[in-house]
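Q: Single-letter residue listing:
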Amino acid sequence: KAGVTQTPRYLIKTRGQQVTLSCSPISGHRSVSWYQQTPGQGLQFLFEYFSETQRNKGNFPGRFSGRQFSNSRSEMNVSTLELGDSALYLCASSLENRGQETQYFGPGTRLLVL
Amino acid sequence: AQSVTQLGSHVSVSEGALVLLRCNYSSSVPPYLFWYVQYPNQGLQLLLKYTSAATLVKGINGFEAEFKKSETSFHLTKPSAHMSDAAEYFCAVTTNTGNQFYFGTGTSLTVIP
Numbered sequence: 001k002a003g004v005t006q007t008p009r010y011l012i013k014t015r016g017q018q019v020t021l022s023c024s025p026i027s028g029h030r031s032v033s034w035y036q037q038t039p040g041q042g043l044q045f046l047f048e049y050f051s052e053t054q055r056n057k058g059n060f061p062g063r064f065s066g067r068q069f070s071n072s073r074s075e076m077n078v079s080t081l082e083l084g085d086s087a088l089y090l091c092a093s094s095l096e097n098r099g100q101e102t103q104y105f106g107p108g109t110r111l112l113v114l
Numbered sequence: 115a116q117s118v119t120q121l122g123s124h125v126s127v128s129e130g131a132l133v134l135l136r137c138n139y140s141s142s143v144p145p146y147l148f149w150y151v152q153y154p155n156q157g158l159q160l161l162l163k164y165t166s167a168a169t170l171v172k173g174i175n176g177f178e179a180e181f182k183k184s185e186t187s188f189h190l191t192k193p194s195a196h197m198s199d200a201a202e203y204f205c206a207v208t209t210n211t212g213n214q215f216y217f218g219t220g221t222s223l224t225v226i227p
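Top to bottom, those sequences are chains A and B. In this text, residue positions in the first sequence follow this note's numbering: the first is 1, and each later residue adds one. In this text, residue positions in the second sequence follow this note's numbering: the first is 115, and each later residue adds one.
Chain B with its partners taken away, still in its complex shape (with noise of 0.2 Å):
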């Protein structure tokens, strides 16, 4: 079974500071992980995913993260916080033994200016 947590269901950052958003994933065979981002009464959006190709990821909007197996973790982070970053996001963890995303329960970034 495959699980998600994120700790910290909301994280304040201030503008240009540090964004650091945790997650750590549960997997018995080999995951690949997501990164989604949610803003104000819109779907999810794709940011960043972890296919086996590289540990360190490189998504939209100057996101990355980074693939840690003895960790467990896929934290998400960028260097520069921007008011324009304030929304919701969700890891997510699937395999390719089965067909089904499990989501973390999401972190809510606030920027402050």
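With the rest of the complex left out, here is chain A (with noise of 0.2 Å):
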């Protein structure tokens, strides 16, 4: 099976544009987390989608947003993006993200503000 996949890898964008970042989970997966990883703040849970919906959020403010597709995809946007947002953006999949289930983490977007 193909692993967690996000697309771009890089990303350069200055202050005020928008970004949307793309992740495809593994192969069955109906769960789509998202986290943020600095290095001052370490990792912190952005959204969870399960089945198209939002099913949990993290303390982010609304310019952070996201949305799961039929195919369990998921894309992340950021709007009116700020030099804090520099950061990379790891996405996780699994089947129902419920107990013992692993998540599994894709290689990550790291995006640079400027």
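Quick caveat, the hints were computed from the structure, so don't treat them as lab data. Treat the hints with caution; some may be incorrect.
As the list claims (entries may be wrong) - One-sided excerpt, in silico: chain A residues whose CB lies under 10 Å from chain B: (1) Q44; (2) E48; (3) N56; (4) S94; (5) N97; (6) E101.
What the hints assert, rightly or not - With a Cα cut of at most 27 Å, we get these calculated BS3-like pairs of lysine-lysine: (7) B:K172 - A:K1; (8) B:K163 - A:K57; (9) B:K163 - B:K183; (10) B:K163 - B:K182; (11) B:K183 - B:K172; (12) A:K13 - A:K57; (13) B:K172 - B:K182; (14) A:K1 - B:K163.
Said to hold, decoys possible - Label pairs and their computed distance ranges (CB to CB): (15) B:L160 - A:T38: 18 to 26 Å; (16) B:Q156 - A:Q18: 24 to 32 Å; (17) B:S184 - A:F69: 43 to 51 Å; (18) B:Q156 - A:R63: 24 to 32 Å; (19) B:S222 - A:K57: 26 to 34 Å; (20) A:T5 - B:P227: 34 to 42 Å; (21) B:E178 - A:R98: 20 to 28 Å; (22) A:R30 - B:E178: 29 to 37 Å; (23) A:R67 - B:P193: 44 to 52 Å; (24) B:T211 - A:N59: 16 to 24 Å; (25) B:A168 - A:P39: 29 to 37 Å; (26) B:Q156 - A:R98: 23 to 31 Å.
Even glycine gets a Cβ: it sits at the ideal position worked out from N, Cα and C.
Dock chain to chain to rebuild the complex, using the hints, since each chain is given by itself in its own frame.
A: This is the structure in structure tokens:
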């Protein structure tokens, strides 16, 4: 089975722009979670989608949004980019993200905001 | 609510020495616990997980962890460090009643030759 894929791998944007990141989960997985990773804050949970519905949301401003398609692929959008949004964005997939299920991570998208 | 505390953001060990990375959890219900490893510019890879089947869990690359309910701990150990073990290690907790992982702040392991 192919692993979790994320595109693009690297991205450079300027302040005020918006960006869309994509995540394709492992085949058959219906849950996709997004995380922001920075040296200062570590891994922070953004949101989780399951069967096209946002099921959980972390403590991020409304500039961060996402969606999930019927094939379980997910996109994350950040509008009005700020310098502090520079980070590695990771997505993880699992069958249903319940209990002892493992979350499988993609390689991440590294976003640099100038 | 669940949370994880990783003591020591940086740990250095000599090659061949014991590796001990600490993780304490807080959970109001029986937890499931995970250790992940992250190499530079990569995503997280599962090392091992505790799912209540056995308190001593063996993972990949010679790592193991022991679940101690009385101490609310799930420390990661490896008898003999290898240079390739240098990475960032994350402990995480989830439960059967929720569907969100709670990660610790990570421990960066340096292996000194």
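Q: Which of the listed hints are broken here?
A: none
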